[in-house]
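S.K.: What follows is the residue order along each chain.
Number of protein chains: 4
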Amino acid sequence: MKPDLSHEITLTPAFHDLDPMDIVWHGNYVKYLEVARCALLQKYGYDYLQMRESGYAWPIVHMHLKYTGMVVYGQAFKVRAEITEWENRLRIDYLVTDAATGKRLNKAYTIQVALEIVTREMQYVCPQILWDKLGVQP
Amino acid sequence: MKPDLSHEITLTPAFHDLDPMDIVWHGNYVKYLEVARCALLQKYGYDYLQMRESGYAWPIVHMHLKYTGMVVYGQAFKVRAEITEWENRLRIDYLVTDAATGKRLNKAYTIQVALEIVTREMQYVCPQILWDKLGVQP
Amino acid sequence: MKPDLSHEITLTPAFHDLDPMDIVWHGNYVKYLEVARCALLQKYGYDYLQMRESGYAWPIVHMHLKYTGMVVYGQAFKVRAEITEWENRLRIDYLVTDAATGKRLNKAYTIQVALEIVTREMQYVCPQILWDKLGVQP
Amino acid sequence: MKPDLSHEITLTPAFHDLDPMDIVWHGNYVKYLEVARCALLQKYGYDYLQMRESGYAWPIVHMHLKYTGMVVYGQAFKVRAEITEWENRLRIDYLVTDAATGKRLNKAYTIQVALEIVTREMQYVCPQILWDKLGVQP
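Residue numbers (the numbering used here), protein chains in the order written: chain P, 1 to 138; chain U, 1 to 138; chain B, 1 to 138; chain Y, 1 to 138.
Some hints could be false.
[Stated by the list, open to error] Computed footprint of chain P on chain B, listed as stretches where at least three residues anywhere in the stretch have a Cβ under 8 Å from a Cβ of chain P: (1) 13-25; (2) 28-41.
[Stated by the list, open to error] From the structure, some residues in chain Y lie toward chain B, with a derived Cβ separation under 10 Å: (3) L11; (4) M21; (5) H64; (6) R104; (7) A108.
[Stated by the list, open to error] Here are the in silico distance ranges between beta carbons for each label pair: (8) U:K107 <-> P:L49: 26 to 36 Å; (9) U:G55 <-> Y:V118: 29 to 39 Å; (10) Y:A76 <-> B:D93: 53 to 63 Å; (11) U:G55 <-> P:M70: 10 to 20 Å; (12) U:R104 <-> Y:Q137: 43 to 53 Å; (13) B:Q128 <-> P:H62: 25 to 35 Å.
Worth flagging that the hints you see were computed from the coordinates, not collected in a lab. Since the model is a prediction, treat every value here as computed from it, not as a measurement. Cβ atoms here follow ideal geometry from the backbone N, Cα and C, with glycine treated the same way.
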């Protein structure tokens, strides 16, 4: 059975997130995804500080975003993040929805790989520490 | 014959673009792509201000980035942007390379669609003004 | 008697707020001040959207920040914002403190003036709408 | 005689620097100041990388900006940075002007102090390396 490795947060845009169209600038969604990703990884005790302690950095190697709606000032939205791959790379899928109506605003994913900090070498298999933290088997 | 609708700029990262790994934070590439895209569209007289004058906004609806290298402080890099679709949507492909060695650092694309500002309606075919500006046929 | 026109929020830094020193980049405090200022103005029903409706923009004309501490990843901090002038210009004073210890991290102020949107003219006296919203006398 | 420790750069705003008022968001000037400061310090061989090598970080402890004009998309502007104190702290004064007309847009200063990286201790006198690099006497 596939484990549930997901987490959801609710955000509202800051004024400085808006562009001249009076909507959130498209690049700022990358920040929202990161906030949701960090909250998710924190839940499993493997956020930025623990990653570094474990000897690995986890750079983003792929990022895809599909925009289907816009966010205006004052509009609350949810970002759901779910880990969907953990064997050779860490894939996280995201769904951004309007908090009031549930309307889909953005669908995205990111892919990270482990990079050993000391050697600066990419790992082609995720390190054991990730599986231990998530409580999964490769 | 396919027209050459490309442009290349050279940039260096700002200190505030760096993250704790001492490399450019992955989300900042979205800014570099935008700077290259705007420079390209300016060449054809159809950047943000002319878009607005023409009655259309061009929101990003898809964005994909593939990271194959890192950028450190002081490292010059090139961003090449090329328009590869203009019929129903505006697709731009990007290639980020190290300015000194030519090593590939990032490969990306963005897709934009025309949105009529007055009606807020998405256009399923690009407006004539885009083709006129680019000097292309749909 | 001077009215209490203050509000306090609690924040934690995002990973993308950090710089290579592994602390929050100094420029990001400007964002935190804005989030606190907007929360404060929202409390009085005079945030960005209501400002615009009232016919005025309120550009920042002065900004001063004094840094006395650093913020690291995972460190919760409070931002207290208080309106201290409202006659001819809107001055807001800020105090950023560590949420756990109360240690002062930053002391700042911003000054805004009313700009009539239609005429683009600076107002040398704050408009009545500000005083009505805040429940104060000039 | 006071040495001339100044440098000037010319910039144009990126689209993502604009806010809903269609002008550069006030917080982005902090980025422009930093770009000018780094270019100035690079001229003297004492930018971020050399600072780190010398064993010191130079955090900003004071920052003041006074806005007297606005920057719109496509508007070139100059940022002049000048070192005006170097004995106990590093003070840099900035002047932002419209590139075409010379109109003053912003006047600012930043103050940095040396922080020994190993001990994390603030220095109450600037280290000798700064004076050597700048070619000045304390």
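S.K.: Is the interface hint for R104 of chain Y satisfied, with its Cβ closer than 10 Å to some Cβ of chain B?
M.R.: violated (13 Å)
S.K.: Okay, the segment 28-41 of chain B and chain P, do three or more residues pass the C-beta test at under 8 Å?
M.R.: holds (count 4)
S.K.: Check the following: the C-beta atoms of G55 of chain U and V118 of chain Y are separated by a distance inside 29 to 39 Å.
M.R.: Violated, at about 60 Å.
S.K.: Taking the Cβ atom of R104 of chain U and the Cβ atom of Q137 of chain Y, is their distance within the range 43 to 53 Å?
M.R.: Because 49 Å falls inside the window, the suggested range holds.
S.K.: Three or more residues of the segment 13-25 of chain B near chain P by CB distance under 8 Å?
M.R.: holds (count 3)
S.K.: Evaluate the given range 26 to 36 Å for the C-beta pair formed by K107 of chain U and L49 of chain P.
M.R.: holds (31 Å)
S.K.: If you take the shortest Cβ to Cβ gap from H64 of chain Y to chain B, is it below 10 Å?
M.R.: This interface hint holds because 5 Å falls under the 10 Å limit.
S.K.: Does L11 of chain Y pass the interface check with chain B, least Cβ-Cβ distance below 10 Å?
M.R.: violated (16 Å)
S.K.: Can you verify the interface hint for A108 of chain Y: is its Cβ closer than 10 Å to any Cβ in chain B?
M.R.: holds (9 Å)
S.K.: Is 10 to 20 Å respected by the C-beta to C-beta distance linking G55 of chain U and M70 of chain P?
M.R.: holds (18 Å)
S.K.: For the hint on M21 of chain Y, just tell me whether its beta-carbon gets within less than 10 Å of chain B.
M.R.: holds (6 Å)
S.K.: CB of Q128 of chain B to CB of H62 of chain P, is that within 25 to 35 Å?
M.R.: violated (54 Å)
Of the numbered hints stated above, those contradicted by the structure are hints 3, 6, 9, 10 and 13, listed in ascending order.
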